[in-house]
Amino acid sequence: MVADSFESKTYEIEVLTPTIIGGQDKIQSFEFVREGEYLYFLNFDKLFEQNLFKDSFIEELSRGLSSGARDFNIKDILKKYSIDFKKAVKYTLRLEGVTSPYREVVAFVKSAGRFYIPGSSLKGAMRSSMTKALSKNLLQFYESALSNAYQKVLNRNRVDPKFVSRDADEKIFGTPYESPFKYLRVSDSSFVEQESAGIFEIKVLNICSNQPKWFSRNGNIDDPKQATAIVAEGLKPGVKLYGSIKAEKDLIEGNATVKGLKEKLLTSGVLSSPYEFVAQILNSVAKDYIQKEMTFYSKYNQKQIVSEYQKLLNILNSLDKNQFLLQIGFSTGYLSKTVGIFFNKSHFEKLSRVDTQSKINPDIFPKSRRLLFKDGQVWTVPGWIKVTIR
Amino acid sequence: MDVILKGKYIIKCKIEAQTGLHIGEGNNSLEIGGIDNAVVKDAKGRPYIPGSSLKGKMRALMEFAEGKVRDNLLVVSVKREGRPEICLHMCDDLNCPVCGLFGRNHGSHDLKSGEKIDLTDAVIPTRLIVRDAKLIETSITEEMKENLDLDWTEVKFENNIDRITSKAHPRQSERVPAGAQFSAEFVVNRFEVDSKDDQKYYLEKFIKAMKLLEDDYLGGQGSRGNGKVKFVDIEIFYKDSSDYEKDSSKLQPIATAKSLDELKLS
Ligand SMILES: [Zn+2]
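For the protein sequence lines, the chains are A and B, in the order given.
Just so we're aligned, residue 1 is where the first sequence starts under UniProt numbering, counting upward by one.
Just so we're aligned, residue 1 is where the second sequence starts under UniProt numbering, counting upward by one.
Hints were generated in silico from the structure; no laboratory data involved.
Keep in mind that this is a model prediction, so the values were computed, not measured.
One should not assume that every hint holds.
Distance condition first, Cα-Cα at most 27 Å in a straight line; then the derived DSS-like pairs of lysine-lysine [stated by the list, open to error]: (1) A/Lys26 to B/Lys145; (2) B/Lys230 to A/Lys9; (3) A/Lys236 to A/Lys86; (4) A/Lys182 to B/Lys145; (5) B/Lys79 to A/Lys171; (6) A/Lys287 to A/Lys345; (7) A/Lys123 to B/Lys230.
Selected chain A positions facing chain B (in silico; Cβ < 7 Å) [as the list claims (entries may be wrong)]: (8) Glu7; (9) Ser8; (10) Thr10; (11) Gly113; (12) Pro118; (13) Ser120; (14) Lys123; (15) Val164; (16) Ser165; (17) Thr338.
Only some residues are given here: those of chain A computed to face chain B with a beta carbon under 7 Å [to be verified]: (18) Leu146; (19) Tyr150; (20) Arg158; (21) Lys162; (22) Asp188.
For glycine and all other residues, C-beta sits at the position ideal for the given N, C-alpha and C.
Please model the entire structure based on the sequences and the hints provided.
Encoded structure:
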């Protein structure tokens with residue numbers, strides 16, 4: 001019994017669809033060289049070190065780097081001075097069916113250069129998903145927080161869109177000291193080999209006057225091939241990562257200072273462990289979310305995405321009690337990260353005034369979705385993982 | 001009470017960070033040109049693990065594991081607005097493994113349950129000494145160093161996402177990257193108290209505390225990924241108090257192990 005409550009368990013993440021955990025950085029075009037189906041990311045310290053005596057090369061390179069000129073092409077300079085850039089490479093990634101032009105690559109988060117999934121990202125996605133299972137009376141705190149922010153805007157007070165939900169979060173889960181989530185611990189994952197990562201292409205589906213269109217810098221267009229691409233480092237489907245996780249009884253049951261999740265979330269059935277409780281909640285939220293998204297994509301005739309979601313739904317329906325599906329990371333969209341799935345037109349009218357940067361159309365929000373492309377075709381949705389706890 | 005020092009167990013090992021490690025400076029001050037939320041460093045700018053952090057965490061874990069977290073066994077060490085904020089276990093039971101290993105403070109204390117306790121008669125010297133654990137510089141490889149933001153550490157960003165607007169609020173904190181190792185040393189004193197010899201009792205309790213720490217975390221943001229540590233290359237030496245009177249000769253370890261799983265005390 002004592003040993004039981006101290007021991008942590010192992011989690012296994014299996015990447016189901018390309019998963020991008022965005023770091024803070026974007027990698028600029030002069031920082032990598034493309035050759036064939038691969039991008040070689042350069043190590044500038046090494047490049048300088050190995051070519052210290054080629055004065056004009058160093059000069060030309062420094063000038064190019066500092067000016068940030070758009071026409072600056074690193075590959076041409078390396079060729080001109082016959083420098084083998086492969087001797088000064090940090091890492092190499094394969095292009096996974098990227099066909100559109102791009103000038104920068106969204107960097108995956110790394111620790112000392114190594115790919116991994118931070119515990120904070122996994123825990124954050126779990127918490128965000130569990131928030132969608134809140135009982136109706138608690139969800140109302142988010143509605144009031146939105147109304148309060150809206151009132152402030154009407155009264156010409158400043159509202160920071162980064163902190164609209166903070167009061168509600170605290171009313172529902174308490175201060176960090178009182179939060180049940182302190183009894184959920186998720187470690188960073190193990191590192192994976194660079195072969196587990198690749199370069200992926202994302203495009204933005206936009207619904208305009210009830211029609212599916214694709215975002216491009218020149219406006220929304222019909223032909224996805226001409227649409228503007230976002231290119232990012234991501235983990236490939238099939239990749240597995242491991243870490244440790246601990247969900248204590250107090251997460252669910254609560255104690256003298258902390259109110260447990262049991263009394264906050266909608267649940268069904270008797271559950272034998274905190275892990276099963278968490279898995280059941282996450283799966284019921286995922287199911288609801290997937291079904292709503294399938295309705296959306298069916299309406300706008302995106303057969304490929306509907307079939308991708310059908311595959312996820314099949315996996316979801318065959319999971320064991322210690323497994324759950326979760327969407328995580330970059331480009332997963334507004335509905336995945338928020339409680340917006342419960343909002344209606346009047347909420348979005350308020351939101352459009354609170355968050356003026358996001359161009360919110362209350363009739364249909366969110367009206368865009370980010371989708372992965374492969375070889376020029378619509379492929380799948382980003383960030384779905386399967387987690388197994390042992 | 002008669003207390004005689006019988007000898008010292010000296011535990012030498014490496015502490016390996018299995019995920020990033022953030023042991024904060026505590027004062028949260030922003031040095032000029034520095035980053036928010038920095039890690040504690042020595043005079044030469046190398047991160048280290050203060051002995052006090054290790055000892056404090058191990059004590060807290062042992063309090064739980066030994067069933068000492070109860071209102072009538074907890075002493076209030078910090079109050080806020082008259083209410084207990086930080087509590088810590090202390091008692092007058094001379095066989096208590098927590099107080100015996102980690103020590104007690106003199107004098108009278110307020111218990112969380114409202115009563116008072118006087119520990120003057122129960123205070124014996126603390127058995128456990130924890131030294132600061134120094135960074136083993138070579139454990140951060142050249143390849144890792146090329147990818148670090150700072151000399152020995154990286155800056156990790158964490159996004160808090162607003163659940164209504166989806167706008168991100170990034171926060172940064174410094175941490176030592178996974179793979180870094182620190183050289184650690186612990187001393188467990190073996191006493192004879194009123195003719196009762198500790199034998200290996202407190203050494204065994206200390207090893208239990210090491211195991212508990214491996215299943216928990218050290219430092220900040222532990223529930224969100226940081227601070228998973230492992231003890232490796234463990235050597236335990238024993239120095240009898242009579243050894244201190246002899247000419248110094250090279251001590252042989254009484255136990256060695258690659259990891260705690262393999263450690264066996266004869
Ligand atoms: Zn005690």
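Verification of the supplied hints:
With a C-alpha separation of about 21 Å, the suggested pair A/Lys26 and B/Lys145 falls inside the 27 Å cut-off, and the hint holds. Annotation: proposed proximity of B/Lys230 to A/Lys9 holds, straight-line Cα distance about 15 Å (limit 27 Å). Distance hint between A/Lys236 and A/Lys86 is fulfilled; the C-alpha atoms sit about 24 Å from each other, no more than 27 Å. A threshold of 27 Å between alpha carbons decides the hint, and for A/Lys182 with B/Lys145 the separation of about 33 Å lies outside it, so the pair is violated.
Proposed proximity of B/Lys79 and A/Lys171 is supported: the alpha carbons are some 24 Å apart, at most 27 Å. Distance restraint check for A/Lys287 and A/Lys345: the Cα-Cα separation of roughly 23 Å lies within the 27 Å cut-off, and the hinted pair is therefore satisfied. Distance hint between A/Lys123 and B/Lys230 is fulfilled; the C-alpha atoms sit about 22 Å from each other, no more than 27 Å. The interface hint given for A/Glu7 holds, since its Cβ lies 6 Å from the closest Cβ of chain B, which is under the 7 Å cut-off.
For A/Ser8, the shortest C-beta to C-beta distance to chain B is roughly 5 Å, which falls under 7 Å, so the interface hint holds. Interface restraint check for A/Thr10: the shortest CB-CB distance to chain B comes to about 12 Å, outside 7 Å, so the restraint is violated. At about 3 Å, the closest approach between the beta carbon of A/Gly113 and any beta carbon in chain B falls short of 7 Å, and the interface hint on this residue holds. Because the closest C-beta pair between A/Pro118 and chain B is about 5 Å apart, less than 7 Å, the hint holds.
At about 4 Å, the closest approach between the beta carbon of A/Ser120 and any beta carbon in chain B falls short of 7 Å, and the interface hint on this residue holds. Interface hint status for A/Lys123: upheld, as the beta-carbon distance to the closest one in chain B is roughly 5 Å, under 7 Å. For the restraint placing A/Val164 at the interface with chain B, the shortest Cβ-Cβ distance is roughly 4 Å, inside the 7 Å limit, so the hint holds. Hint on A/Ser165 holds. Least Cβ distance to chain B is approximately 4 Å, under the 7 Å limit.
Because the smallest distance between the Cβ of A/Thr338 and any Cβ of chain B comes to about 5 Å, under 7 Å, the interface hint for this residue holds. Because the beta carbon of A/Leu146 sits about 5 Å from the nearest beta carbon in chain B, less than 7 Å, this interface hint is met. Because the smallest distance between the Cβ of A/Tyr150 and any Cβ of chain B comes to about 11 Å, over 7 Å, the interface hint for this residue is violated. For A/Arg158, the interface hint is violated, the least distance from its beta-carbon to any beta-carbon of chain B being 14 Å, above 7 Å.
For A/Lys162, the interface hint holds, since its Cβ comes within 7 Å of a Cβ in chain B; the closest pair sits about 4 Å apart. Hint status for A/Asp188: holds, given a least beta-carbon distance of 4 Å to chain B, under 7 Å.
Checked against the numbered hints given earlier, the structure breaks hints 4, 10, 19 and 20 and satisfies all the rest.
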